[in-house]
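Protein chains: 4
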Amino acid sequence: MSTGNAKVAGIASKPRKPEVGGILPGLLEWLSRNGYSVVVDPETAPYAPGCEVLSRDQMGQRDLRFVIVLGGDGTLLSAGRAVAKAGIPLLGINLGSLGFLTEVILEDLYPALDAMERNGCEVHMRSMLECEVMRQGETVFRHDALNDIVLGKGTIARLNHCDVYIDQVFVSSYQADSLIVSTPTGSTAYSLAAGGPILMPEVEAFVITPVSAHSLTHRPLVVQDTSEIEIVAKTDDEAYLSIDGQIGIPALDGDIIRCRKSKDTVRLLHFKGSFFDVLRTKLKWGQR
Amino acid sequence: MSTGNAKVAGIASKPRKPEVGGILPGLLEWLSRNGYSVVVDPETAPYAPGCEVLSRDQMGQRDLRFVIVLGGDGTLLSAGRAVAKAGIPLLGINLGSLGFLTEVILEDLYPALDAMERNGCEVHMRSMLECEVMRQGETVFRHDALNDIVLGKGTIARLNHCDVYIDQVFVSSYQADSLIVSTPTGSTAYSLAAGGPILMPEVEAFVITPVSAHSLTHRPLVVQDTSEIEIVAKTDDEAYLSIDGQIGIPALDGDIIRCRKSKDTVRLLHFKGSFFDVLRTKLKWGQR
Amino acid sequence: MSTGNAKVAGIASKPRKPEVGGILPGLLEWLSRNGYSVVVDPETAPYAPGCEVLSRDQMGQRDLRFVIVLGGDGTLLSAGRAVAKAGIPLLGINLGSLGFLTEVILEDLYPALDAMERNGCEVHMRSMLECEVMRQGETVFRHDALNDIVLGKGTIARLNHCDVYIDQVFVSSYQADSLIVSTPTGSTAYSLAAGGPILMPEVEAFVITPVSAHSLTHRPLVVQDTSEIEIVAKTDDEAYLSIDGQIGIPALDGDIIRCRKSKDTVRLLHFKGSFFDVLRTKLKWGQR
Amino acid sequence: MSTGNAKVAGIASKPRKPEVGGILPGLLEWLSRNGYSVVVDPETAPYAPGCEVLSRDQMGQRDLRFVIVLGGDGTLLSAGRAVAKAGIPLLGINLGSLGFLTEVILEDLYPALDAMERNGCEVHMRSMLECEVMRQGETVFRHDALNDIVLGKGTIARLNHCDVYIDQVFVSSYQADSLIVSTPTGSTAYSLAAGGPILMPEVEAFVITPVSAHSLTHRPLVVQDTSEIEIVAKTDDEAYLSIDGQIGIPALDGDIIRCRKSKDTVRLLHFKGSFFDVLRTKLKWGQR
Numbered sequence: 001m002s003t004g005n006a007k008v009a010g011i012a013s014k015p016r017k018p019e020v021g022g023i024l025p026g027l028l029e030w031l032s033r034n035g036y037s038v039v040v041d042p043e044t045a046p047y048a049p050g051c052e053v054l055s056r057d058q059m060g061q062r063d064l065r066f067v068i069v070l071g072g073d074g075t076l077l078s079a080g081r082a083v084a085k086a087g088i089p090l091l092g093i094n095l096g097s098l099g100f101l102t103e104v105i106l107e108d109l110y111p112a113l114d115a116m117e118r119n120g121c122e123v124h125m126r127s128m129l130e131c132e133v134m135r136q137g138e139t140v141f142r143h144d145a146l147n148d149i150v151l152g153k154g155t156i157a158r159l160n161h162c163d164v165y166i167d168q169v170f171v172s173s174y175q176a177d178s179l180i181v182s183t184p185t186g187s188t189a190y191s192l193a194a195g196g197p198i199l200m201p202e203v204e205a206f207v208i209t210p211v212s213a214h215s216l217t218h219r220p221l222v223v224q225d226t227s228e229i230e231i232v233a234k235t236d237d238e239a240y241l242s243i244d245g246q247i248g249i250p251a252l253d254g255d256i257i258r259c260r261k262s263k264d265t266v267r268l269l270h271f272k273g274s275f276f277d278v279l280r281t282k283l284k285w286g287q288r
Numbered sequence: 001m002s003t004g005n006a007k008v009a010g011i012a013s014k015p016r017k018p019e020v021g022g023i024l025p026g027l028l029e030w031l032s033r034n035g036y037s038v039v040v041d042p043e044t045a046p047y048a049p050g051c052e053v054l055s056r057d058q059m060g061q062r063d064l065r066f067v068i069v070l071g072g073d074g075t076l077l078s079a080g081r082a083v084a085k086a087g088i089p090l091l092g093i094n095l096g097s098l099g100f101l102t103e104v105i106l107e108d109l110y111p112a113l114d115a116m117e118r119n120g121c122e123v124h125m126r127s128m129l130e131c132e133v134m135r136q137g138e139t140v141f142r143h144d145a146l147n148d149i150v151l152g153k154g155t156i157a158r159l160n161h162c163d164v165y166i167d168q169v170f171v172s173s174y175q176a177d178s179l180i181v182s183t184p185t186g187s188t189a190y191s192l193a194a195g196g197p198i199l200m201p202e203v204e205a206f207v208i209t210p211v212s213a214h215s216l217t218h219r220p221l222v223v224q225d226t227s228e229i230e231i232v233a234k235t236d237d238e239a240y241l242s243i244d245g246q247i248g249i250p251a252l253d254g255d256i257i258r259c260r261k262s263k264d265t266v267r268l269l270h271f272k273g274s275f276f277d278v279l280r281t282k283l284k285w286g287q288r
Numbered sequence: 001m002s003t004g005n006a007k008v009a010g011i012a013s014k015p016r017k018p019e020v021g022g023i024l025p026g027l028l029e030w031l032s033r034n035g036y037s038v039v040v041d042p043e044t045a046p047y048a049p050g051c052e053v054l055s056r057d058q059m060g061q062r063d064l065r066f067v068i069v070l071g072g073d074g075t076l077l078s079a080g081r082a083v084a085k086a087g088i089p090l091l092g093i094n095l096g097s098l099g100f101l102t103e104v105i106l107e108d109l110y111p112a113l114d115a116m117e118r119n120g121c122e123v124h125m126r127s128m129l130e131c132e133v134m135r136q137g138e139t140v141f142r143h144d145a146l147n148d149i150v151l152g153k154g155t156i157a158r159l160n161h162c163d164v165y166i167d168q169v170f171v172s173s174y175q176a177d178s179l180i181v182s183t184p185t186g187s188t189a190y191s192l193a194a195g196g197p198i199l200m201p202e203v204e205a206f207v208i209t210p211v212s213a214h215s216l217t218h219r220p221l222v223v224q225d226t227s228e229i230e231i232v233a234k235t236d237d238e239a240y241l242s243i244d245g246q247i248g249i250p251a252l253d254g255d256i257i258r259c260r261k262s263k264d265t266v267r268l269l270h271f272k273g274s275f276f277d278v279l280r281t282k283l284k285w286g287q288r
Numbered sequence: 001m002s003t004g005n006a007k008v009a010g011i012a013s014k015p016r017k018p019e020v021g022g023i024l025p026g027l028l029e030w031l032s033r034n035g036y037s038v039v040v041d042p043e044t045a046p047y048a049p050g051c052e053v054l055s056r057d058q059m060g061q062r063d064l065r066f067v068i069v070l071g072g073d074g075t076l077l078s079a080g081r082a083v084a085k086a087g088i089p090l091l092g093i094n095l096g097s098l099g100f101l102t103e104v105i106l107e108d109l110y111p112a113l114d115a116m117e118r119n120g121c122e123v124h125m126r127s128m129l130e131c132e133v134m135r136q137g138e139t140v141f142r143h144d145a146l147n148d149i150v151l152g153k154g155t156i157a158r159l160n161h162c163d164v165y166i167d168q169v170f171v172s173s174y175q176a177d178s179l180i181v182s183t184p185t186g187s188t189a190y191s192l193a194a195g196g197p198i199l200m201p202e203v204e205a206f207v208i209t210p211v212s213a214h215s216l217t218h219r220p221l222v223v224q225d226t227s228e229i230e231i232v233a234k235t236d237d238e239a240y241l242s243i244d245g246q247i248g249i250p251a252l253d254g255d256i257i258r259c260r261k262s263k264d265t266v267r268l269l270h271f272k273g274s275f276f277d278v279l280r281t282k283l284k285w286g287q288r
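Taken in order, these protein sequences are the chains called L, H, P and B.
Its first residue numbered 1, the first sequence is counted upward by one per residue in this note's numbering.
Its first residue numbered 1, the second sequence is counted upward by one per residue in this note's numbering.
Its first residue numbered 1, the third sequence is counted upward by one per residue in this note's numbering.
Its first residue numbered 1, the fourth sequence is counted upward by one per residue in this note's numbering.
If we strip away everything but chain L, and leave its shape as in the complex, we get:
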């Protein structure tokens, strides 16, 4: 974590969650008592009068000790991408059901904070994918993804065509609703719903998962994360590229979507339990 003298903490919240209002007074009190000044994102601001308000991206340019995320996995994806470059760790507090990323439940908020303050939290490193879109020789889009990069079909057309290359070697043409390139973190999200495997977070690989591939033998493909994956869009009309299901741009015929391991890493503060505890709870393993 940071070595600066001033202890500053960030708070990022899920929009339209009145529960945040109930949590903030106690949380601000804990932070103050432990010597932190606090910056908050615009979603948190209404519940934190007097705190400096920063966008999540601006938080990533400040020397924060950590960012507390109040919400669900979606909020953490957004905040995580924003502060990864600065190496700021995140503590994800789930306001609803358990999340894969926001794995601290509300009743463990203060035990987790206390543990963190005693350096009692492990920091789990989560790799990201960097996505760069080349159009007619120029980079027209570049973004990091913590979960996945998805090239999807537009509304009407059924099939999205694309060619995939790994380290310049042709893999296959795909006809599918979508093609997902997922990190290990994203392997429990959209890729899983589309039939992909679960990758333990430490696995140094990505997984390419087609959704409803026309060719029934097109199965998820696990690729080492030192590889560069290139997807060439072949589309008559509309296709769409999205990052973590949150950010997106239309993709055009001939666009090259280049995916490689990001040089930045998301740091998650881990309080207790194992990755498998979350899987067993979320997926109800062994309960049928």
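To be clear, the hints were calculated from the coordinates, so they are not data collected in a lab.
Glycine residues also receive a C-beta, built at the ideal position from the N, C-alpha and C atoms.
Be careful, since some hints might not be right.
[As the list claims (entries may be wrong)] Take a look, some chain B residues computed to stay more than 12 Å from chain H by CB distance:
#1 E19
#2 S32
#3 E138
[To be verified] Below 25 Å or equal to it, Euclidean Cα-Cα: the simulated PhoX-like pairs (lysine-lysine) are:
#4 L/K282 / P/K282
#5 H/K234 / L/K282
#6 H/K17 / L/K234
#7 B/K7 / B/K85
#8 L/K284 / B/K284
#9 B/K234 / P/K234
#10 H/K284 / B/K284
#11 P/K282 / B/K234
#12 L/K284 / P/K234
#13 H/K234 / L/K17
#14 P/K85 / L/K284
#15 P/K282 / P/K272
#16 B/K17 / H/K282
#17 P/K284 / L/K282
#18 H/K282 / B/K234
#19 H/K272 / H/K234
#20 P/K234 / B/K85
#21 H/K234 / P/K284
#22 P/K282 / P/K234
#23 H/K284 / B/K282
#24 P/K7 / H/K284
#25 L/K234 / H/K282
Add chains H, P and B to chain L, keeping to what the hints say.
Same frame as chain L, now just chains H, P and B:
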């Protein structure tokens, strides 16, 4: 088939298929020699000078002995829906690779026609789904589907929510990219790519197949075809309803998509081989 | 149900379930109060001193008004096959978690019995498969299955080869761990675990589901239940045929396993809730 | 490869393959011309009179420059395990259809040998799994697997129970027909048929794939290859452990099957084409 005196045949072709130009002279000659007058759709018209031109829907209002479809399964889906009400049988000639519906290959065109003329072709009946969209108590859309009815997500939103009822009984809420309601005919098309089973054409059932369902235990559900399936769209912004992947309308929050067996049936003239011959060839069963 | 004068009820229980001992006194009291004499199977006998003891097969030869099954789906499968020929309905009481077949939970035992006595229970008909094994022209085995007929590999050999025919028409050769032929009832059991679809109980069809098919395009196949399915075993050494996972015989090379709809039907007394209530509860639909 | 002076080559063949007889004269001639003396396995011996005969394991104790495998993937699995410890590379020549491991087709035999002799073949490293079975505190079995380690059910029992731990952390209990632990190499074999992903050979991971898991949410799990995977067998009667589908022992209740990366590596001589060329050809990607 028709009992009228005048023997009239229809021809419907896939657009932008120059091969049609090579086939038409011989085909028109065969039809003339066998006493047929000919009507053609606009796609065929450039290759059939002098023939009466009708839309496919107009063909469905004429007393045709049969319609010859030159193209692929997409062309047959469109022509099949158009002439089903009139009970006109179709002979599907595949211009490319073998199709599930256009199962006569080009070199069998005249043997198939000769067999048909001798009443040597079986007529295979294919059930259709009728789709009716209710919006605020009014029917705003109604169409038959030979393959499938698909409620899909829009471009950006990842998840399509809907509730499904069968014969007024609540089945489940679904979060998925799409929800497919497929006929047996459609079970080898999009539903198969999405993980659905293959239904033999004679099975009196439909199959509801979710695409990338968020809940991993949402599996394809086979429902007797006397049932009424209702899908209630729950969407913040855009959803899309499509018929056979060819016709579609935007779906709004609260729309009720009512699916039941159509009273009309598509009649396919069958020349030779079995349903399983097509499956084995198309899916390359047993070749790995 | 029976039209005889004497009201006789049967009770069949899951082995080694001490809970049965706690249920029997009250149950026998209810039956006596409502004018029933009682026969019990050997598993129930220790808890029902003085009652006539019959095997489940013998129950099927008596004029019983109904059989109460105390246990899980396995117990009901066995009792169901035994009394189907006689048309005796069964009331399945689940001693553990909810079952697909034993859908009455223990606390609903007396409400269900009261409803039944007032003719307030629907009777749900469940089709069965008849399995006949032909070896060198002779029938060497014949049995009904309520869930499924499975041709499986032996212990060592990885792949089970077989050829499948439907109504004498060749479908495909299969290389797989097992081949399952399932009723709609069995579609929520082993076939589901192997990737098969869920068939609503009323669907007049069976499903052929391969387990770990070598050919990735071999998908579950839904077949109308008027068809005869023949499986020809092709095995160098050991294969194994099992009925509902409960009864089995070794299968030899060249054996023809003939599957068709049984002329008998299992009658399940249904108390409350829908098939989908059970699915949603058992499969935890919509809970992720 | 070896630095010894004497150039010795090995030949291992698939049993009962008369084609081997047609290949050997030319192959022995080529080897002699290039200065190799030759040792052969017992399956090759009938076609190589005068050559020293060694078991495959004995080949692994000699200073061979390489082993030529004539057969299919099964033969290469066996020979590969035998000579891995000695670091001897293998050249796999497929006598039938293309294999994932025996990727040189017969007509490329001499071009491949010529390339190898000019050091023109890449050597592809394939990781193996070491499997150790602990029973009541003692190691009762230990073997390397190039494809997979499978804990399977016996003949009659439907469900195999086991508990899985990764690096001492509990993952889940499984009820399934089998549990597969596969290398990247094995990911295109049994694991693929059971629904597992394809791992590129370079991925430093293993995949745990259940076959027909009772819990529908038990999906393939990709684990970094520095982890130790432990499977605890829980079985009333019979279970079976197999290595590459070729070697096996019965497993007893309480047996701990410990899987970790083997310190040995199989070296495959690669002639031409890419891993994806093989996938596209074998799986017929893009051909539907």
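Mind listing which of the numbered hints don't hold for this structure, in increasing order?
8, 9, 12, 14, 16, 18, 19, 20, 22, 24
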